[in-house]
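Listed in order, the protein sequences are those of chains G and A. Just so you know, this note's numbering puts the end of the first sequence at 437, numbered straight through with nothing missing. Just so you know, this note's numbering puts the end of the second sequence at 304, numbered straight through with nothing missing.
Incorrect hints may have been included.
Lysine to any residue pairs mimicking SDA-like chemistry, simulated, CA-CA at most 25 Å apart [as the list claims (entries may be wrong)]:
no., chain 1, residue 1, chain 2, residue 2
1, A, Lys-126, G, Gln-246
2, A, Lys-128, G, Ala-15
3, G, Lys-247, A, Gly-135
4, A, Lys-134, G, Ala-15
5, A, Lys-206, G, Ala-15
Quick partial rundown of chain G residues pointing at chain A, CB under 8 Å, derived from the structure [claimed, not checked]:
no., residue
6, Lys-4
7, Ala-9
8, Arg-113
9, Arg-115
10, Gly-254
11, Ile-256
Derived from the structure by calculation, the hints contain no laboratory data. What you are looking at is a predicted structure, and each value in this text was computed from that prediction instead of being measured. Yeah, the Cβ is synthetic: ideal placement off N, Cα and C, and Gly gets one too.
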Amino acid sequence: MSRKMWVVARREYRATVRTKAFVIAIFLVPIFMFGGIGVQALTRGRIDNDPKKIAVLDRSDRLFEFLAEAAAKRNAEDIKDDSGKLTDSPYVFERVPVEEQRIDAQRLEISDRIRSKELFAFIEVAPEVVDAEAKSSEPAIRYHSNQPTYDNITRWLSRVINDKVRSARLAAAGIDRAVVEKAMVPVSVDNLGLLERTATGEIKAAERVNRLQVFFVPLGIIMLMWMALMMTTQPILSGVIEEKMQKISEVLLGSIAPFDLMMGKLVGYVGVAITLVGIYMIGGWAVANYNDMSDVIPMHLAGWFIVFMALAIFMYGALFLAAGACCNDLKEAQNLVMPIWLLLLIPMFTLGTVLEHPTSGFATALSLFPPATPMVLMVRMSMAPGVPAWQIAAGILGTILTTLLFVWAAGRVFRIGLLMQGKPPKPTEIVKWVFQG
Amino acid sequence: MSAVEIDSICKTFGTLRAVDNLSLTVPRGTVYGFIGPNGSGKTTTLRMILRIIHPDSGRIRVLGEDATAGDAANDRIGYLPEERGLYRKMLVGEVLEFYAGLKGLRNAREDIRRWLDRLQLPGVEKKKVEAMSKGMAQKIQFIATVLHRPELVILDEPFSGLDPVNMDVIKDAVLELKKNGATVIFSTHDMDVAEKMCDFVFMIFKGQKVLDGTLESIKEKYGADTLRVRLDGNGVSFHELPGVQRVNDYGRFQELRIDKQADPQAILQQLAGRARVKHFEVTQPSLHDIFVRIAGPAAQEVAS
Numbered sequence: 001m002s003r004k005m006w007v008v009a010r011r012e013y014r015a016t017v018r019t020k021a022f023v024i025a026i027f028l029v030p031i032f033m034f035g036g037i038g039v040q041a042l043t044r045g046r047i048d049n050d051p052k053k054i055a056v057l058d059r060s061d062r063l064f065e066f067l068a069e070a071a072a073k074r075n076a077e078d079i080k081d082d083s084g085k086l087t088d089s090p091y092v093f094e095r096v097p098v099e100e101q102r103i104d105a106q107r108l109e110i111s112d113r114i115r116s117k118e119l120f121a122f123i124e125v126a127p128e129v130v131d132a133e134a135k136s137s138e139p140a141i142r143y144h145s146n147q148p149t150y151d152n153i154t155r156w157l158s159r160v161i162n163d164k165v166r167s168a169r170l171a172a173a174g175i176d177r178a179v180v181e182k183a184m185v186p187v188s189v190d191n192l193g194l195l196e197r198t199a200t201g202e203i204k205a206a207e208r209v210n211r212l213q214v215f216f217v218p219l220g221i222i223m224l225m226w227m228a229l230m231m232t233t234q235p236i237l238s239g240v241i242e243e244k245m246q247k248i249s250e251v252l253l254g255s256i257a258p259f260d261l262m263m264g265k266l267v268g269y270v271g272v273a274i275t276l277v278g279i280y281m282i283g284g285w286a287v288a289n290y291n292d293m294s295d296v297i298p299m300h301l302a303g304w305f306i307v308f309m310a311l312a313i314f315m316y317g318a319l320f321l322a323a324g325a326c327c328n329d330l331k332e333a334q335n336l337v338m339p340i341w342l343l344l345l346i347p348m349f350t351l352g353t354v355l356e357h358p359t360s361g362f363a364t365a366l367s368l369f370p371p372a373t374p375m376v377l378m379v380r381m382s383m384a385p386g387v388p389a390w391q392i393a394a395g396i397l398g399t400i401l402t403t404l405l406f407v408w409a410a411g412r413v414f415r416i417g418l419l420m421q422g423k424p425p426k427p428t429e430i431v432k433w434v435f436q437g
Numbered sequence: 001m002s003a004v005e006i007d008s009i010c011k012t013f014g015t016l017r018a019v020d021n022l023s024l025t026v027p028r029g030t031v032y033g034f035i036g037p038n039g040s041g042k043t044t045t046l047r048m049i050l051r052i053i054h055p056d057s058g059r060i061r062v063l064g065e066d067a068t069a070g071d072a073a074n075d076r077i078g079y080l081p082e083e084r085g086l087y088r089k090m091l092v093g094e095v096l097e098f099y100a101g102l103k104g105l106r107n108a109r110e111d112i113r114r115w116l117d118r119l120q121l122p123g124v125e126k127k128k129v130e131a132m133s134k135g136m137a138q139k140i141q142f143i144a145t146v147l148h149r150p151e152l153v154i155l156d157e158p159f160s161g162l163d164p165v166n167m168d169v170i171k172d173a174v175l176e177l178k179k180n181g182a183t184v185i186f187s188t189h190d191m192d193v194a195e196k197m198c199d200f201v202f203m204i205f206k207g208q209k210v211l212d213g214t215l216e217s218i219k220e221k222y223g224a225d226t227l228r229v230r231l232d233g234n235g236v237s238f239h240e241l242p243g244v245q246r247v248n249d250y251g252r253f254q255e256l257r258i259d260k261q262a263d264p265q266a267i268l269q270q271l272a273g274r275a276r277v278k279h280f281e282v283t284q285p286s287l288h289d290i291f292v293r294i295a296g297p298a299a300q301e302v303a304s
């Protein structure tokens with residue numbers, strides 16, 4: 001490798017890593033990914049703890065007392081933290097005497113009271129709610145409110161009322177509830193790995209499958225790979241367009257061969273990605289370690305990850321460089337890189353299928369399709385039962401060959417595109433450049 | 001040995017013949033001016049000398065090396081592109097070190113400081129390129145071009161957009177490069193600059209060489225066919241004078257091109273009869289005038 005290539009790599013690395021955008025992105029991406037969960041956790045019980053007044057039209061005439069009692073119990077016991085501060089809204093029930101002759105009018109009156117904010121919601125209990133034999137198509141309980149997205153009350157009601165109704169029905173049938181509960185205790189199905197023989201010849205018990213590891217590790221790996229690609233291909237594209245527009249590429253091409261220039265850039269961006277992934281790996285490991293879960297992070301895959309990531313950046317980076325070299329501004333380039341994005345998205349679209357059937361023919365074939373190999377094969381490697389060695393070898397070989405092909409073709413387009421002015425070339429023209437040089 | 005030897009090169013882009021059977025020899029240690037209208041093939045020729053693009057046919061030798069094939073960029077050449085070629089977000093010092101590094105020069109910091117001081121830009125190393133004015137950026141670009149002490153310096157429009165003070169600074173620097181033995185090729189639209197600075201002038205028009213030689217030899221070819229006249233008052237119709245082909249009115253004075261057979265004395269007498277003559281000079285045409293004669297609208301009409 002020429003020394004000049006390293007000069008270019010060093011500049012690209014420093015120019016990218018030192019931008020504010022890079023530093024901000026490092027902090028921002030985790031916020032995007034986990035911020036939603038965090039905000040929910042932080043605001044739970046702090047946003048809306050106002051008492052909710054709920055009218056009850058009890059046409060069965062058997063539930064109101066019970067509801068009022070259950071609510072009082074809940075208000076007293078379940079919605080306060082240790083210091084006695086409210087963590088959820090108290091529920092207050094108000095009985096509305098049922099007048100069956102004008103039930104529709106009654107419903108409307110209550111609705112109007114809800115509209116005027118006097119009440120929060122109302123529930124209507126069907127006449128034969130406890131009757132086990134009743135097969136009315138009407139729902140037993142209707143909950144009406146002006147805020148359909150607030151489902152805390154319906155969930156609470158459903159739990160409390162079902163419990164009550166079940167007891168009532170059992171009692172009516174003369175069955176002891178305790179007996180039923182004992183009969184209904186579920187049998188657990190445990191998800192385990194396979195047994196293996198240890199070095200000393202003993203049979204090692206199978207380990208219990210860690211849900212966290214099984215789903216979050218492959219997901220984390222693909223997200224990390226995806227992020228590394230996102231955060232390098234964008235600067236690659238805008239960088240080469242800046243160089244073209246500012247006539248920097250002319251100076252560069254007067255000093256360094258186009259292929260070396262391209263390689264220098266790609267090496268620089270692999271460095272950027274390693275920095276980024278390194279920060280997240282160390283950060284993720286530190287968090288896991290702090291929570292005593294460091295064995296969840298598959299550190300033994302870090303080496304493979306870096307290899308596949310580097311190949312992916314060379315493969316896709318070369319395409320983005322070629323595309324950028326053909327365009328005069330980012331807008332033009334966005335159109336040209338659309339197909340590349342589609343290629344990049346294949347692993348994302350198929351992730352669910354691969355996670356569920358990691359050894360299927362589909363997953364195997366996809367992980368040996370070079371543009372998808374870095375992500376899909378990596379994901380499969382992180383899951384049981386792992387990937388046979390020949391597939392890793394084939395995957396690496398295929399990716400290297402494809403990368404070489406892409407870099408070679410992109411180099412030819414890069415050289416011609418950089419010096420071209422005017423409107424961007426048609427895809428057919430680009431193909432022509434590849435073959436004519 | 002010559003710095004650049006170009007032997008009948010051609011370059012075609014699609015259907016456009018950008019450079020057509022061009023031959024040129026640039027002796028070492030000279031300042032060679034490239035002139036020609038926009039789109040006539042100047043930049044293409046410069047890029048071929050730089051080996052950024054290759055001719056379709058013909059041969060180029062630069063500083064003794066074959067520059068026709070391959071893209072091993074030459075560290076003995078310095079190139080200043082037509083427009084600014086600097087990373088806007090980088091610090092001035094970093095950009096210059098980067099370009100020096102690309103030419104294989106290490107530890108350029110001391111040289112950078114010296115050059116910045118010389119070009120009256122002291123202490124800008126730590127400033128961002130985007131904070132530089134147009135003139136400052138051009139001077140920084142110039143430093144990037146010459147930091148590695150190239151034997152051949154190629155400057156594409158080095159003076160465009162510079163005020164007279166900055167122009168003099170760059171001009172002096174260019175002449176010093178020449179004094180130190182470097183060969184300088186520069187393209188320009190400023191005929192005045194070309195006349196004053198260039199040992200040789202080369203003009204390309206529609207991809208073909210139309211002028212090549214020392215300024216004297218070029219002017220010699222056209223002879224003393226120009227009168228420079230200043231009169232007191234206006235209203236004289238120069239076209240009616242005998243033997244006047246073309247009038248170039250600069251406002252305060254006029255340049256008249258006359259037939260080879262025409263007698264300047266007769267024209268002076270005629271003029272003296274019509275107005276007070278304050279200045280009358282028989283001279284060779286300016287390079288500007290020659291340029292216009294070759295590439296101006298009148299010439300274009302004849303050509304097409």
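Hint check results:
no., hint, result
1, A/Lys-126 x G/Gln-246, "holds (21 Å)"
2, A/Lys-128 x G/Ala-15, "holds (13 Å)"
3, G/Lys-247 x A/Gly-135, "holds (17 Å)"
4, A/Lys-134 x G/Ala-15, "holds (23 Å)"
5, A/Lys-206 x G/Ala-15, "violated (41 Å)"
6, Lys-4, "holds (6 Å)"
7, Ala-9, "violated (11 Å)"
8, Arg-113, "violated (63 Å)"
9, Arg-115, "violated (57 Å)"
10, Gly-254, "holds (4 Å)"
11, Ile-256, "holds (5 Å)"
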